[in-house]
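There are 2 protein chains.
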Amino acid sequence: MVYSSEGFTWTPSGGVSHGLPTIGAVDPPTFFASSKDQVYDVIVVGAGYAGLVASRDLSTQGKKTLLVEARDRLGGRTWHSTINGFNYEMGGTWIHWHMPHIYREVSHYGLQDDWVVTQVPGGKEDYCTLTTGEQQRNISHEEEADLCGRVFRIFCNLDGNDLREKWKYVFGTKLDPKFAAEWDNLSCSDRLNQIRNQLSPEELAALEAQLVQMGGNSPDKIGFLNALLWWSLGSHTGTGLNEIALHTRLASGQSELHRRIFEHAASTGNLSYAFGYPVKSVQDENGLVTVTARDGTAWKARSVICTVPLNVLADVQFSPSLPVEKVEASRMGTANLCNKVHIDVQGPDYLSWGSLASPGRA
Amino acid sequence: MVYSSEGFTWTPSGGVSHGLPTIGAVDPPTFFASSKDQVYDVIVVGAGYAGLVASRDLSTQGKKTLLVEARDRLGGRTWHSTINGFNYEMGGTWIHWHMPHIYREVSHYGLQDDWVVTQVPGGKEDYCTLTTGEQQRNISHEEEADLCGRVFRIFCNLDGNDLREKWKYVFGTKLDPKFAAEWDNLSCSDRLNQIRNQLSPEELAALEAQLVQMGGNSPDKIGFLNALLWWSLGSHTGTGLNEIALHTRLASGQSELHRRIFEHAASTGNLSYAFGYPVKSVQDENGLVTVTARDGTAWKARSVICTVPLNVLADVQFSPSLPVEKVEASRMGTANLCNKVHIDVQGPDYLSWGSLASPGRA
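Protein sequences appear in the order of chains Y and W.
For the first sequence, numbering that gives the first Met the number 0 assigns the number 0 to the initial residue and increments by one for each residue that follows.
For the second sequence, numbering that gives the first Met the number 0 assigns the number 0 to the initial residue and increments by one for each residue that follows.
Some clues are possibly wrong.
Since the list gives no way to pick out one identical chain from another, each pair is judged satisfied if it fits inside one copy or across any two copies.
[Unchecked claim] Listed next, the in silico DSBU-like pairs over lysine-lysine satisfying Cα-Cα at most 30 Å (straight line): (1) K173 / K279; (2) K339 / K35; (3) K167 / K339; (4) K35 / K62; (5) K62 / K167; (6) K63 / K123; (7) K123 / K165; (8) K339 / K299; (9) K339 / K63; (10) K177 / K220; (11) K173 / K35; (12) K177 / K63; (13) K165 / K177; (14) K220 / K35; (15) K167 / K123.
Hint data in this document are derived by calculation from the structure and do not stem from the laboratory.
Given the structure is predicted, the values throughout are model-derived calculations rather than measurements.
The following block holds chain Y by itself, in its conformation from the complex (with noise of 0.2 Å):
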């Protein structure tokens, strides 16, 4: 198996192991299907679930198309390294027939039936300690499921309906513009000083842990629009929440899914790809676009489709230049800001286990 450059593991023998295997990472990491020199249709930047999608729609409709990516694997903030057997799942990694797009992916490529529950209740350890300031006590994971639940509903409840009222459609585009802007107003620690005084300190620290895990920053770094959409997105329940958030997960990785579709966007013969190139500048002059990468290769193309994510967006200079407003909400690197860390125990039977802190407690 191929190694990504990204991750390390340490063993107790041997020490520290930068680079993780992944059948997600691509070598040879440069492929031209023609010359490279070619004014492509269409190039895309960024090999996540979006420039994978985007590249196999156009190749596969006779687009000449080159695919740019920083990394030296597929799938951006998600992958998955296989050691001794085990897939660990490096970035995102519960998915569900509930979000439709990446759902008709694992249709589409016929892993329908390639599923994990990751919440197998029964263990020795099968259990979640509450901590509130000085306080700590063990609940079920069922209690634990209960509290969240409640505790997020008051929190997203804005129309005595759950949400359902205000947020009916979850993909719609259209939201009302007053709610929208009233909402989008707020973090989540300004809701919180809305509802605190109906929370017991328990219910406050378990609220305090969920947005933390689930936006990966501190809640006055987190817009309170998306809290609302992960509960509108999880059906206006706890239960829906938890289903999409922290159920299910491809037996065979994310890396197995990037890879059917790269793989069968490269057998039109179509697509070019250049892995290992980070975007310097997307210059659009003349009816061209030119990509350049921070080594100086450039290519040219008749379209662009930008794929990389917000917190890297400033980074890559565009001309004409993006609004301002973007520009500025990457500089503020509000993204996740979560490490992902796995660790391989003996003694008893901890099938998995979490930790999450509020902050201050990070």
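Put chain W on the given structure of chain Y with help from the hints.
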């Protein structure tokens, strides 16, 4: 707007008029992208969702595709007619983002804001009349929803966990063979008999009516496995079942989505089509498949995708022949036997009215 020959209207002044105006009607009904006697890459039989999506995927990927349909319109069992500016859904109506395959098409064609919620409480006549033998009483729709959810849960709860244990992956194909065989042996009537003594007469009537509505037949003709599938698809809750089955429809109507898929396929230049051609036979010989219509017209292709529904499958002669069991199931004609009637009324504010009768009271 073009008329389909299907359906009819009646008005006090104009009497009966056959055929309905719909953007789903295809006119002219045939088009051949090149010689109609060419050998196609694929012939797709049936222009419902399955056939439309197959034709679109094939033609956009450069395959010479012929779409053959018995009716004069797109959509098969789903379509809408527009009369005096109102979109009347004539078949399958409700869709939701928890149906990933159809929702991907909604999203792909930019219809993510094109929704109507069909359950709007607050009208003067906003209640449900529950009829049990000789008794009748009005309950609120909330009470109705609670009642139906509660009884459907009893009907489907085979594992003490709302079927979440034994039917984990709703689109998976590998249901435990033991359970599948056991459940597939029961009709909905058989299952009703197992739980009858747990239900009040009202609960039993509500459950029977719901089964009739969803299965489009009497409970002894509906496989229990179908009901379990609905329950799983509905997230193992009454609310979830209601949301996928009765909640949201496309404002512009089902035929709008069919039209967009069809026109996308046609825009490739690879799609030929023949509407108004019921297929008589599909014969696979010497590496070529011949599809012959009832009027004797025949086309040849390297492959055929046949999407005709089960209840008409036995009317097509296949060579080599289909499995005996499949033909037998088709001849039983156990598919949906519902008729759909829209009635416009004057007077108090009936926003909508539905009627369900349990067997023997139809």
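Status of the hints after comparison with the structure:
1. K173 / K279: Neither way: K173 and K279 sit 34 Å apart in one copy and 48 Å across, limit 30 Å.
2. K339 / K35: Neither: 37 Å inside a copy, 59 Å across copies.
3. K167 / K339: For K167 and K339, the Cα distance is within 30 Å only across copies (27 Å; inside one copy 34 Å).
4. K35 / K62: both (15 Å within a copy, 28 Å between copies)
5. K62 / K167: Intra 37 Å, inter 40 Å, cutoff 30 Å: neither.
6. K63 / K123: neither (56 Å within a copy, 60 Å between copies)
7. K123 / K165: Between copies, since 23 Å is at most 30 Å while 43 Å is not.
8. K339 / K299: neither (37 Å within a copy, 56 Å between copies)
9. K339 / K63: Cα proximity of K339 and K63: none, with 37 Å in one copy and 48 Å across.
10. K177 / K220: within (22 Å within a copy, 51 Å between copies)
11. K173 / K35: neither (42 Å within a copy, 46 Å between copies)
12. K177 / K63: neither (43 Å within a copy, 50 Å between copies)
13. K165 / K177: within (11 Å within a copy, 45 Å between copies)
14. K220 / K35: neither (43 Å within a copy, 63 Å between copies)
15. K167 / K123: Between copies, since 23 Å is at most 30 Å while 42 Å is not.
The structure shown violates the earlier hints numbered 1, 2, 5, 6, 8, 9, 11, 12, 14.
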